[in-house]
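Those sequence lines, one after another, are chains S and W.
One rule links them: number in this note's numbering = place in the first sequence (from 1) + 3.
One rule links them: number in this note's numbering = place in the second sequence (from 1) + 13.
One or more hints might be untrue.
Unchecked claim - Beta-carbon label-pair distances, calculated as ranges:
no., chain 1, residue 1, chain 2, residue 2, range
1, S, Asn211, W, Lys212, 31 to 41 Å
2, S, Gly30, W, Met41, 54 to 64 Å
3, S, Asp326, W, Glu29, 51 to 61 Å
4, W, Ser163, S, Ile27, 48 to 58 Å
5, W, Gly205, S, Arg84, 49 to 59 Å
6, W, Gly205, S, Asp227, 26 to 36 Å
7, S, Glu185, W, Asn206, 48 to 58 Å
8, S, Asp227, W, Val117, 46 to 56 Å
For the record, the hints were derived by calculation from the structure and aren't laboratory data.
None of the values given here were measured: they were computed from a predicted structure.
All C-beta atoms in this analysis are idealised placements derived from N, C-alpha and C, irrespective of residue type, glycine included.
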Amino acid sequence: MSEGKHTGDDVLVSIENLNFNFNIQRGIVKAVRDLSVTIKKGETLTLVGESGCGKSVTAHAINQLNPMPPGVVESGKIYFRDKDLLTLPKSQIEALRGTQISMIFQEPMTALNPVFTIGSQIADVYRTHQRISKKEALAKAVELLDLVKIPSPDERIHNYPHQLSGGMRQRAMIAMALASPEPGLMIADEPTTALDVTIQAQILDLLNDLKKTVGMSILLITHDMGVVSEMADRVVVMYAGRKVEEADVFSLFEEPKHPYTLGLLNSLPSNPKYRGAKRLEAIDGTVPDLLTIGEGCPFANRCGFVKDKCLKEFPEETKISDDHFVWCHHLQQQEGRV
Amino acid sequence: MEQELLEIKEPTPLQETWYNLKKNKGAMTGLVIIVLFVLMAIFAPLLAPHDPVEQVIELRKTPPFTGGYILGTDDLGRDMLSRLIYGARISMSIGVVSVGISLVLGLIIGVVSAYFGGILDKIIMRIIDIMLAFPYILLTIVIVAILGPSLVNAMVAIGISQVPRYARLVRASVLAEKENDYVLAERALGAGNMELMFKTILPNCLSATIVQSTLGVGEAILSSAGLSFLGLGAQPPTPEWGLMIASSKEFITNAWWIVTLPGIAILLAVLGFNLLGDGLRDILDPKMRS
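The following block holds chain W by itself, in its conformation from the complex:
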């Protein structure tokens, strides 16, 4: 007699993470904020009621909720809402591109350094130490100054100055991971160095990196706003949030919305990524799970 067996569908790691994420209120709030910003960025041309760079001089500094401008206009009569919506495009791409740059470089440097060890590791890590010795924002400014101020160069500068963090993080996890038996086992079955580094070990080191890069996106958005504020990032008339604050700071006393609203946008975007990052850290680190 054959006993009927119960069908059990084991969750994949992704499903399990999603399940835990749903229980974490902070992370879900963050995720909702991020999704809203991303949708805003993607559908900007459909959502924005006006052209973000179109100037209507007669309607300068219109306060919110007057004359068909939900969030008012700025000092040149441009619609604030449209500019903020288009600003999401820029900020999201800065976040993704600069974290992408630091992630790719950091992963390669970290894995190679930890895997081969020895003199190569020492040289790479001392260079990383030198980079870490500079204050982060100063390093970014130096790189932009060398490359010349523009939005793309700001992304590159933020990306490069964040590399040491990722390299350190990845190196530490690879050092712990590479001593495991499965690495030896796969070597014994013919896997070469490249395969071992990037196919066998790296996937096991990703959880910390995922957390760090989520937090990193928020930080990159903040830094790019800072660079633009200093005139080293986006150039006018790009509707970049940091730049919007910079060019309207003298109106803070008589037209508060022009300077405050971009600030709130930055705050929300960074908050979203930080909340999600913190939540992911709790979820992906078994020690933090309750």
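Chain S with its partners taken away, still in its complex shape:
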């Protein structure tokens, strides 16, 4: 990835060579290593990977919600609308949150304040950023609840979170995130993980609709390949803090290149090869400890194609096509042979 890419017209967010560590008592946890990601305007980018691979840390690095300390940005830059977020003063970051960068969370059960009605919570977000009366803000809250398809919104604004179902709460959560004057980026941290499948589909549809009507970009974090196929324009596969593959959604599902991506897709129950099968295939082994991880490819200990080189150094980028990149020694050797 070349320098200065953040200046492009259609780029909203550009993360360049981000290294994010947590300095804890036992040592340094390298949560995100050398990560470069760009999010274009109006695009849905998904970050995929298993728990603890650095997805959420990456997302929280954008709106700076990682606890600092122990979190430290070792190096790298994050541009949002051509502003270098990591050098902005705290007050400006706070002003961006909820106005241009908003966020929805995984657990709709706990992500709403239990002692306030959802109407007053949405109104509060408005009133944090704009000088409007409580009445106007409530009227806008009704409009938003209508936008996220909550039935009879003028009554629902008087409900407390515990009076709503999980799906409704997630809609209310999305409404809160939309209460921004100029939505730019919506970070959705596993927005459907806590919901059952039918509600999941509804929420994903809703997000897709909103993306078009409001014209925002979505950074979607998930470990669910089904959600990826439903939502993504582009996919970044992360493993143990590293980006291992990046592709548009079709290339990724059609011809996954990295052994880890292959393993992920192979272990999906919906994979046609499992028709009538008794057991699913899993990726052997476990994720390496980020405290003790070395410079080699982090997937080396679980990879079927592992070579000496894999243990020593992290591979260079291999370009498969214009929007498909992979970081793997095994593939470089294959490419070399061709």
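Given the coordinates of chain S, work out where chain W should sit on it, guided by the hints.
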């Protein structure tokens, strides 16, 4: 075809608390006692048959139910009933003001300490530890001694010496509450520190504080009576219950009512607040609900 839907009116948290309170006999008894005392305090000039400080020397130590004095007179011929009614004014305001002082200071200290944590939290909590190391009544006496004995200073002293309790209590609940997702969610939507501390987190920590401050009012009334008894609170001729006991203790053998009645008044007022406080604790703590 549109199906007709049932209208369900969900109770607000306040309505729910009231509903549970009505079922709790002890709490209701306490509430009735408190309401009676509060009414007595508010309407004292209308209820009192005599001026509480007017002395009728000829009618000193009149026993109850004689000569138009329902509860008799004290050693200076002042009407006991009127003095007790006006005493309710003083005791209620002591309770409210001193708990108000400790509540405001305790909430701010507790929230700030827990929210920011780190070195600030450590310093604040060690100061609180030092305050807690003094016996409560001794600390109060020391503060009054510094400020000078008067009713207002007694309120301030009681208020300040109770601060550590509230600060500890609030800090503990804020520590538990601040890790919740909704705090992160509101931060992600642009809420600043002040808003997060006092608008987002604090309302979630209030139930324990409500219980503690209800019990605290009773305790403050008792402490102020104690301070007045020691001559460090209200000064004569204020009709303060503790002071009334102190100035009449030598008559306990020949005019029992002068010393006993203020004692009963203190007992009832404190009992009322304790009963309500205990009831509220049962109601507001879901684990205690049966």
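Okay, the hints, checked on the actual structure:
1. In this structure, Asn211 (chain S) and Lys212 (chain W) meet the distance hint of 31 to 41 Å, their C-beta atoms being roughly 33 Å apart.
2. Between Gly30 (chain S) and Met41 (chain W) the C-beta distance comes to about 59 Å, which sits within the given range of 54 to 64 Å.
3. Take Asp326 (chain S) and Glu29 (chain W): their Cβ atoms lie about 56 Å apart, and the range 51 to 61 Å holds.
4. Between Ser163 (chain W) and Ile27 (chain S), the C-beta spacing of about 55 Å keeps the proposed range 48 to 58 Å intact.
5. Against the hinted window of 49 to 59 Å, the Cβ-Cβ separation of Gly205 (chain W) and Arg84 (chain S) comes to about 22 Å, which falls outside the hint.
6. Roughly 34 Å separates the CB atoms of Gly205 (chain W) and Asp227 (chain S), a value that falls within the hinted 26 to 36 Å.
7. Checked against the given bound of 48 to 58 Å, the beta carbons of Glu185 (chain S) and Asn206 (chain W), roughly 24 Å apart, lie outside it.
8. Under the hint 46 to 56 Å, the C-beta atoms of Asp227 (chain S) and Val117 (chain W), about 48 Å apart, fit the expected range.
Hint compliance for this structure: hints 5, 7 are not met, and every other hint is.
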